[in-house]
Amino acid sequence: MYGRKVKFRFFFVILVLLTLILSVFLVLKALEENVVFFKSPSDVKFLGELKNKKIRIGGMVKQDSIEMSANELNFIITDFKNEINVSYSGVVPNLFSEGKGVVAEGYLKDRSFFQASKILAKHDENYMPPEVKAALEEN
Amino acid sequence: MFKFLNPSRIYLITSKAPKYIMPLFIVVFSIGLVEALILSPEDYKQSHSVRIMYVHVPAAWITLGIFSSITILSLSGYIFKNKNFFIIAKSLAPSGLVFNIIALVTGSIWGKPTWGTWWAWDARITSMLILVLFYLMFLLAWRIYEDKEEVFKITTIITIFGIINVPIIKYSVDWWNTLHQPASINILSKSSIHSSMLLPLIIMTAAFALFSLLIFLMKYNTELIKIKNKGLDRL
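These protein sequences, in sequence, are chains A and B.
Take the first sequence: its position 76, counting from 1, is numbered 76 in the numbering used here, and each next residue is one higher.
Numbers given in the numbering used here equal positions in the second sequence, counted from 1, plus 1000.
Hints in this document: simulated from the structure, not taken from any laboratory.
Do not take every clue at face value.
Lysine-lysine pairs mimicking PhoX-like chemistry, simulated, CA-CA at most 20 Å apart [what the hints assert, rightly or not]: (1) Lys1083(B) / Lys1226(B); (2) Lys1019(B) / Lys1083(B); (3) Lys45(A) / Lys81(A); (4) Lys1170(B) / Lys1083(B); (5) Lys100(A) / Lys53(A); (6) Lys62(A) / Lys45(A); (7) Lys1083(B) / Lys1153(B); (8) Lys1083(B) / Lys7(A); (9) Lys1112(B) / Lys118(A); (10) Lys62(A) / Lys100(A); (11) Lys1170(B) / Lys29(A); (12) Lys1148(B) / Lys1045(B); (13) Lys1148(B) / Lys1016(B); (14) Lys1112(B) / Lys1045(B); (15) Lys1148(B) / Lys100(A); (16) Lys133(A) / Lys1045(B); (17) Lys53(A) / Lys118(A); (18) Lys7(A) / Lys1045(B); (19) Lys1019(B) / Lys1153(B); (20) Lys1219(B) / Lys1148(B); (21) Lys1170(B) / Lys1016(B); (22) Lys1148(B) / Lys1019(B); (23) Lys1153(B) / Lys5(A); (24) Lys1081(B) / Lys5(A); (25) Lys1081(B) / Lys1148(B); (26) Lys1019(B) / Lys100(A); (27) Lys109(A) / Lys45(A); (28) Lys1045(B) / Lys5(A); (29) Lys133(A) / Lys1190(B); (30) Lys53(A) / Lys81(A); (31) Lys1170(B) / Lys62(A); (32) Lys7(A) / Lys1219(B); (33) Lys118(A) / Lys54(A); (34) Lys1170(B) / Lys1190(B); (35) Lys51(A) / Lys118(A); (36) Lys1230(B) / Lys1219(B).
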């Protein structure tokens, strides 16, 4: 079989890997707050204190919640537990629509009102041709 | 175990292989392109921009696969003190870097019409960018250090740090809120991608894998010729 040195080097590599994995895991765990791209409406509800800092809120655009006026767009972001009213003026991505994922960047005015300065559409993991989608909706 | 790793014997096979892999690559890539650009349907939501996925996803898979291979090779090279593993790892790296950049660029091109932004500092995209940096470090180390023993040590250290990033890339979309969508293809559960779209994806992955193999063989042959010219009988 392999010599002692080969075995030692093997266990050395395993040890280094385990150490690195553990330290990276701990670092990421500690930085979780910053690693997440957006907060959900529920996260906002349980937020300690509101800071006047730019944040991102993500979730679904609530059905029948989009209201468009001359220079403002209002809609509700929901995670099906909590919701936040969002106000925005500017262009929205093509995929922005009711019942679809959205990420809004901007400032929290209070726990239920968000002034967005940028809207991103979130795409889900479902890919299918239009005919299949139509067939699914019929069922 | 490694007596077959005699450079002149390997060269006999690897110098002939590209001749057969090249036409195979051209055929598979052409079928893949026709399937991806013409025959496959458009998506119900993003319409034709879904076609970017047929380049983006295979490129991302290949680059992750190559980095994992490089790490396994470098670590095996270190454990068994076998130089050939390091040479194979070195020859694999360039195509890994190229596919990594392709994945980032096509993702960006897709992100603009879909998300509404070219770039977002979310966990998936950022960790993919970090992978580019690891590839660059790996390749630069080979350029910078003259002493072979030194190169082997440094590249092994780079891969052992870099490999931690690979599961982070894979699971970033499940562990944290990201702008990037979670995986559509699951081995254990039902995939959320329609079979008519899965087919071009698989063909393109095969084409990219063949392309990587081709570039790898060319690089590897060059390395073998270099060793031969030095008059060395073994690696």
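Now the hints, each set against the structure:
no.	hint	result
1	Lys1083(B) / Lys1226(B)	holds (14 Å)
2	Lys1019(B) / Lys1083(B)	violated (26 Å)
3	Lys45(A) / Lys81(A)	holds (10 Å)
4	Lys1170(B) / Lys1083(B)	violated (30 Å)
5	Lys100(A) / Lys53(A)	violated (26 Å)
6	Lys62(A) / Lys45(A)	holds (17 Å)
7	Lys1083(B) / Lys1153(B)	holds (11 Å)
8	Lys1083(B) / Lys7(A)	holds (18 Å)
9	Lys1112(B) / Lys118(A)	holds (13 Å)
10	Lys62(A) / Lys100(A)	holds (8 Å)
11	Lys1170(B) / Lys29(A)	holds (17 Å)
12	Lys1148(B) / Lys1045(B)	violated (53 Å)
13	Lys1148(B) / Lys1016(B)	violated (28 Å)
14	Lys1112(B) / Lys1045(B)	holds (15 Å)
15	Lys1148(B) / Lys100(A)	violated (55 Å)
16	Lys133(A) / Lys1045(B)	holds (9 Å)
17	Lys53(A) / Lys118(A)	holds (14 Å)
18	Lys7(A) / Lys1045(B)	violated (54 Å)
19	Lys1019(B) / Lys1153(B)	violated (34 Å)
20	Lys1219(B) / Lys1148(B)	holds (17 Å)
21	Lys1170(B) / Lys1016(B)	violated (36 Å)
22	Lys1148(B) / Lys1019(B)	violated (31 Å)
23	Lys1153(B) / Lys5(A)	holds (16 Å)
24	Lys1081(B) / Lys5(A)	holds (10 Å)
25	Lys1081(B) / Lys1148(B)	holds (12 Å)
26	Lys1019(B) / Lys100(A)	violated (50 Å)
27	Lys109(A) / Lys45(A)	holds (13 Å)
28	Lys1045(B) / Lys5(A)	violated (58 Å)
29	Lys133(A) / Lys1190(B)	holds (17 Å)
30	Lys53(A) / Lys81(A)	violated (24 Å)
31	Lys1170(B) / Lys62(A)	violated (30 Å)
32	Lys7(A) / Lys1219(B)	violated (31 Å)
33	Lys118(A) / Lys54(A)	holds (11 Å)
34	Lys1170(B) / Lys1190(B)	holds (18 Å)
35	Lys51(A) / Lys118(A)	holds (19 Å)
36	Lys1230(B) / Lys1219(B)	holds (17 Å)
In summary, the structure is inconsistent with hints 2, 4, 5, 12, 13, 15, 18, 19, 21, 22, 26, 28, 30, 31 and 32 from the numbered list given earlier, while agreeing with the others.
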